Structure formats: structure tokens, C-alpha cells
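Colleague: My numbering numbers the first residue of the sequence shown as 14 and each following residue consecutively.
It is worth saying that the hints were derived from the structure and are not from the lab. Wrong hints could be hidden among the right ones.
[Claimed, not checked] If you anchor each label on the Cβ, the simulated ranges turn out as follows:
| hint | residue 1 | residue 2 | range |
| --- | --- | --- | --- |
| 1 | Glu382 | Gly236 | 51 to 57 Å |
| 2 | Ala491 | Gln229 | 51 to 57 Å |
| 3 | Glu382 | Gln235 | 50 to 56 Å |
Since we're looking at a predicted model, the values are computed, not measured. Think of the CB as a built atom: it goes at the ideal place given N, C-alpha and C, for glycine as much as any other residue.
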Amino acid sequence: MAVSTSFAGAKLEALLLKSSSSVATTSSRASNGSCSLSGSLRPVRSRRAVIQRGVRCEVAASDAAVQTGQSVSNISALEQLKTSAADRYTKERSSIVVIGLSIHTTPVEMREKLAIPEAEWPRAIGELCGLNHIEEAAVLSTCNRMEIYVVALSQHRGVKEVTEWMSKTSGVPVSELCQHRFLLYNKDATQHLFEVSAGLDSLVLGEGQILAQVKQVVKVGQGVVGFGRNISGLFKHAITVGKRVRTETNIAAGAVSVSSAAVELALMKLPASSHASARMLVIGAGKMGKLVIKHLVAKGCTKMVVVNRTEERVTAVREELNGVEIIYKPLTEMLTCAAEADVIFTSTASETPLFFKEDVKDLPVVGPETCGSRFFVDISVPRNVGSCVADVDGVRVYNVDDLKEVVAANKEDRLRKAMEAQEIITEESKQFEAWRDSLETVPTIKKLRAYAERIRAAELEKCLSKMGDDISKKTRRAVDDLSRGIVNKLLHGPMQHLRCDGSDSRTLSETLENMHALNRMFSLETEISVLEQKIRAKVEQTQK
14 MAVSTSFAGA KLEALLLKSS SSVATTSSRA SNGSCSLSGS LRPVRSRRAV
64 IQRGVRCEVA ASDAAVQTGQ SVSNISALEQ LKTSAADRYT KERSSIVVIG
114 LSIHTTPVEM REKLAIPEAE WPRAIGELCG LNHIEEAAVL STCNRMEIYV
164 VALSQHRGVK EVTEWMSKTS GVPVSELCQH RFLLYNKDAT QHLFEVSAGL
214 DSLVLGEGQI LAQVKQVVKV GQGVVGFGRN ISGLFKHAIT VGKRVRTETN
264 IAAGAVSVSS AAVELALMKL PASSHASARM LVIGAGKMGK LVIKHLVAKG
314 CTKMVVVNRT EERVTAVREE LNGVEIIYKP LTEMLTCAAE ADVIFTSTAS
364 ETPLFFKEDV KDLPVVGPET CGSRFFVDIS VPRNVGSCVA DVDGVRVYNV
414 DDLKEVVAAN KEDRLRKAME AQEIITEESK QFEAWRDSLE TVPTIKKLRA
464 YAERIRAAEL EKCLSKMGDD ISKKTRRAVD DLSRGIVNKL LHGPMQHLRC
514 DGSDSRTLSE TLENMHALNR MFSLETEISV LEQKIRAKVE QTQK
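My request is simple: use the sequences and hints to build the entire structure.
Modeller: In C-alpha cells:
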């Protein structure tokens with residue numbers, strides 16, 4: 014029997030009332046005032062005008078629907094869904110949103126407070142998906158960016174909740190976050206991630222490490238509740254885009270990485286006469302540190318000291334680079350090694366600085382070959398070298414934000430390569446959006462099959478009762494198989510017309526028309542069903 018609209022509405026009402034006593038959440042009150050972000054990020058494409066014109070903390074308008082006067086303990090996620098107009102959550106699908114702070118918009122002092130270690134990504138996803146209006150989430154945290162991707166039931170409320178979560182976990186006030194963050198929705202969010210994966214949003218255009226970091230998001234997210242179909246599909250598609258851009262364009266040709274830019278910066282600051290004689294110290298032999306070592310060797314350095322927690326990685330690098338003297342020292346001898354170095358590169362995963370002012374002020378003065386200055390080049394986020402170290406006489410400190418000076422060269426050539434990549438990104442963005450559109454038919458497919466199964470089961474029961482109690486198991490099974498076969502054959506045509514791969518816009522348009530037609534013909538009430546599913550999911554998630 015088809016479920017009537019009134020019955021579905023009553024059922025939803027009951028579900029809302031039943032859950033309100035068990036799921037307590039914080040009130041989504043409107044924030045007074047708004048913050049804006051302005052300024053050019055990068056001249057790659059016109060979409061940045063969205064950010065350049067100013068991204069506002071749009072929370073007041075979306076919160077107007079929440080009834081005031083209720084105590085915080087009595088407001089549940091379900092009541093908020095109900096009082097803010099159910100149509101918004103059913104007739105408009107959930108939005109993909111990115112709330113981000115990058116090297117283009119945010120100083121390293123703030124980015125390091127917001128950075129989330131890879132080991133903490135699953136916990137962060139769980140906490141984000143515990144918010145009232147967030148269904149799925151992913152975290153992309155690197156030395157150049159901290160970006161949170163979510164699927165939100167409501168754009169404005171979702172952004173407000175995520176921003177407050179970021180403030181709570183980092184200690185940075187919401188007002189400061191609003192001054193530096195950028196917000197992108199749906200197609201713009203998709204295109205942004207594709208550009209990130211392709212290396213177009215990197216400080217160093219076309220650098221390859223960001224693609225590996227996007228892959229790591231997918232690897233870490235596998236099996237994590239909250240890293241759902243939309244977000245995982247988005248990141249997997251971004252990996253495809255990153256690979257395709259690098260394969261079909263020459264964007265990576267001659268491109269430098271953050272590590273190579275750090276070496277270039279150090280050599281720019283050193284007198285040319287000291288390039289061969291300067292004493293080099295590399296602290297950290299991970300991916301970034303290993304690249305620093307390789308680029309130093311490529312620039313003619315034949316001797317350096319590497320400080321690392323263990324010797325294995327240093328030994329592996331030494332074996333790979335024949336003819337180079339690489340001396341290993343443990344972390345316990347770090348300050349001793351720093352006292353004997355002219356240039357110190359730091360690239361560790363430490364969440365606290367390795368060098369403070371008091372550690373550096375008593376180090377011996379370096380020779381005249383480097384103009385009497387000791388150089389710290391810190392490419393870690395959070396930083397390994399405290400900002401106070403720059404106050405010491407004879408010490409010059411550089412961090413990742415200072416690498417802009419290096420990558421400013423050949424700007425026109427880099428922009429030309431970016432335009433080639435944009436064509437691929439635009440094409441892939443359309444394919445992803447079409448795939449996401451095709452997911453809208455999934456609830457209808459489930460409801461249609463469930464509707465047919467209810468009829469089949471009821472009619473089968475009537476048939477078997479008329480045949481009496483003495484029928485054999487074989488006959489009972491044959492009748493059951495017959496009924497299933499009839500239903501499957503009848504559903505085959507409609508199901509085929511509800512499925513598409515999302516690659517053909519015409520086919521997709523027809524599929525969505527078929528979906529709406531089936532909803533009307535069989536009174537499937539898919540919109541009510543979608544809301545129920547989302548509410549049930551949030552209830553189950555919150556009660557765990």
C-alpha cells in the first residue's frame with residue numbers, strides 16, 4: 014500500500030518528538046555582525062572573484078528560522094531540522110562545502126594553530142560529523158593549507174558549526190578565523206579541490222607533494238564513519254584529476270617543490286662565494302628533509318650533517334646518494350650541531366618549536382663567509398623555529414611564507430601552464446557533478462524495490478494460505494521463486510531507466526525525469542523519505 018503524504022508527515026512528526034528528549038545539542042543562535050575577507054589570492058581564473066569580492070560570515074539569515082526562547086537542553090538536532098523548514102533539506106540536496114585557510118589567505122602563525130596531525134584526522138572527522146548539520150567530512154592539513162571539506166544539510170548552519178569547531182580546537186577566536194578563511198560551495202568547492210590536487214593552488218605551481226597528500230586523505234579516511242560516498246568520491250576524483258593534469262600537460266616540468274624552494278632561498282641569501290663552503294645542517298629526514306638533502310646535492314653540496322630521531326632513514330639517503338658525505342647525528346646533539354652550522358634547515362613533525370631564543374643566543378658567531386649571519390630555513394608547520402629566534406643578533410629566520418620570493422620568477426610561464434590544466438579541470442568538474450546528480454535516484458530505487466517487495470510478500474502470503482498447510486517445502490519455494498522472478502522482471506525496465514553513469518548530461522536529465530515520474534506514479538514520497546533517512550542517521554550517530 015502506498016504511504017500517503019499525511020501518514021508520512023505524521024510519522025516524521027512522531028520521530029521528531031520521540032528523539033527530542035534523547036539528543037541534546039547546542040543552540041544555533043545568530044552571530045551579530047559579519048566578517049569579510051578580501052584581497053587577491055592568485056590570478057589563475059575568474060572564479061577567484063567569488064573570494065576576492067569578500068566572503069562573509071553568513072549565519073544571521075540562516076539562524077532566523079530557529080525559535081528563540083527555548084533552553085539549550087531542549088533544542089535537538091531534529092527540532093532544528095523541523096523548525097528551520099523541512100523543505101530546505103529535502104527539495105535542495107546537501108551541499109559540499111570547503112572551509113579553508115591557506116598560504117594565500119592566512120599567515121603561518123595562525124595556520125600552525127589550526128594544523129591537525131594526520132593521526133588525528135579520523136577523530137576530527139568523527140567530531141565534525143557529530144555536528145547537527147554535517148553528514149560527511151574530510152580534513153586536508155599540510156604546511157600550506159588547512160581545509161575542511163563537509164557535506165552539509167544546510168550551508169549557513171554547517172559553516173557556522175564547523176567554524177565554531179575550528180575555533181574550539183585551535184583556540185583561535187571565530188572573528189579571527191572569519192578574517193582569513195575562505196568559503197566555497199558545491200561546484201566551486203569541487204573545482205578548488207581539483208586545482209589543489211593538480212598543484213594549481215600550491216605556492217609552487219605543479220609541485221607533486223600535494224597529490225600525495227590528497228591520496229593520503231583517502232587512505233586515512235577508508236573505513237572511517239563520516240568519510241562517506243560524496244566526500245570519498247570527491248577526493249578520489251581529485252586524485253584522477255591530479256594525475257591527468259600532470260600526464261597531459263607539462264605543468265610539472267621544471268616545477269620546484271617546497272623543499273627545493275627552501276634550498277633556493279638559502280642560496281639566494283648566502284653570498285655566492287660561500288655556496289661551496291657553507292656548513293649545512295638538515296634537521297629531520299622525512300619526506301621533506303630527504304628532498305632538501307637531494308636539492309642541496311643537486312646544487313653542489315658534497316657534505317652535510319643530518320639530525321634525525323633514528324639513523325635508518327639517514328643511512329638510506331646516504332646509500333642513495335653516492336659520493337656525498339652525510340653525517341648522522343641524533344636529536345640529543347641537535348644544539349651542538351647547530352653551533353657548528355651556517356645554514357640550518359628544519360622539517361620535522363614536532364608540534365612544538367625545537368629552537369627558542371634562549372637556545373640560539375649563546376651559539377658561537379659564524380664566520381665572515383656568510384656575512385656573519387646564521388640562517389634558519391624552517392619549512393615545517395607547525396614551525397620548528399620559534400618566531401622569537403629572529404630577535405637574536407646575527408640570526409636570520411625564514412619560514413614557508415618567505416618562499417614566495419623564490420617562486421615569483423617565471424610567473425607568466427606558470428600561468429600559461431595553469432590555463433592548460435584548467436581545461437582538464439573544467440571537464441572533470443562537470444563529470445563529477447553529473448555523477449553526484451545521478452546519486453539522487455538512489456532513494457527512489459530503494460523505495461521502488463521496497464514497495465514492490467511489500468506487495469510481493471503480501472500476495473505470496475495470500476496465495477500460500479489458499480493452498481493449505483499440506484503443501485511441500487519444494488512447492489512453497491517454487492511459488493516464492495516465481496513471485497520474485499516476476500517482480501524482478503517487472504522492475505528491470507524502470508531500474509535501468511533510473512541508473513546512469515553521470516557522463517552524459519542528456520541521459521542524466523532523462524534519468525531524473527524518470528525518477529520524478531516514478532515518484533508520482535507510485536506515491537513513493539522520496540522527499541519525505543530522504544529527510545527521514547537524514548534524521549535517523551543523525552539520531553543514530555549522536556546516540557553512539
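Colleague: Now, for every hint given, state plainly whether the structure supports it.
Modeller: Hint check:
1. Glu382 / Gly236: 51 to 57 Å: For Gly236 against Glu382, whose Cβ atoms are near 54 Å apart, the range 51 to 57 Å holds.
2. Ala491 / Gln229: 51 to 57 Å: With Cβ atoms ~54 Å apart, the hint holds.
3. Glu382 / Gln235: 50 to 56 Å: holds, 51 Å
Hint compliance for this structure: no hint is broken.
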